[in-house]
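Trainee: Terminal number for the sequence shown in my numbering: 94, no gaps in between.
Treat the hints with caution; some may be incorrect.
Claimed, not checked - Across the chosen pairs, the derived CB separations fall in these ranges:
#1 G9 x Y75: 17 to 23 angstroms
#2 I44 x D74: 28 to 34 angstroms
#3 G29 x L76: 40 to 46 angstroms
#4 V67 x S42: 16 to 22 angstroms
#5 R89 x R55: 23 to 29 angstroms
To be clear, the hints were calculated from the coordinates, so they are not data collected in a lab. Keep in mind the model is a prediction, meaning the values are calculated, not measured. Even glycine gets a Cβ: it sits at the ideal position worked out from N, Cα and C.
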Amino acid sequence: MQIAEAGPLGQFDLSQLEVVAVVWRTGNARALVEDPSGESYIVGEGAAIGKNRGQVISIGDNTVVVKETYVDYLGQETTKDVEMRMRRSEGG
Numbered sequence: 003m004q005i006a007e008a009g010p011l012g013q014f015d016l017s018q019l020e021v022v023a024v025v026w027r028t029g030n031a032r033a034l035v036e037d038p039s040g041e042s043y044i045v046g047e048g049a050a051i052g053k054n055r056g057q058v059i060s061i062g063d064n065t066v067v068v069k070e071t072y073v074d075y076l077g078q079e080t081t082k083d084v085e086m087r088m089r090r091s092e093g094g
């Protein structure tokens with residue numbers, strides 16, 4: 003496991019990443035995110051994630067919200083919030 007910075011998680015689209023777990027410690031949440039190869043990373047608020055210059059803006063009980071910045075078809079810089087949900091465990 004690695005602490006995510008602007009590195010490895012920046013090469014993936016958010017749809018390729020999976021929220022595996024959310025852990026709370028003294029009021030601060032951290033999420034365990036897995037890339038397509040199965041490598042796991044710990045992210046917190048402010049972490050860089052995704053290839054659209056995403057930044058984690060909040061972590062809930064089973065969600066991670068990422069603000070992505072991209073250039074639209076008119077050449078305008080635009081932001082959007084993307085909610086990544088933890089997959090429900092099968093059989094549970």
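Trainee: Could one say that the CB atoms of G9 and Y75 fall in the range 17 to 23 angstroms?
Mentor: Violated, at about 29 angstroms.
Trainee: Quick one: are R89 and R55 within 23 to 29 angstroms, going by C-beta?
Mentor: The hint (23 to 29 angstroms, Cβ to Cβ) holds, given that R89 and R55 are roughly 25 angstroms apart.
Trainee: Starting from the hint 16 to 22 angstroms, judge whether the C-beta atoms of V67 and S42 obey it.
Mentor: holds (20 angstroms)
Trainee: How does the Cβ-Cβ distance of I44 and D74 compare with 28 to 34 angstroms: does it lie in that range?
Mentor: holds (32 angstroms)
Trainee: Okay, G29 versus L76 on CB: inside 40 to 46 angstroms?
Mentor: Hint holds: Cβ distance 41 angstroms, inside 40 to 46 angstroms.
Going through the hint list in order, the structure does not satisfy hint 1, though it satisfies all others.
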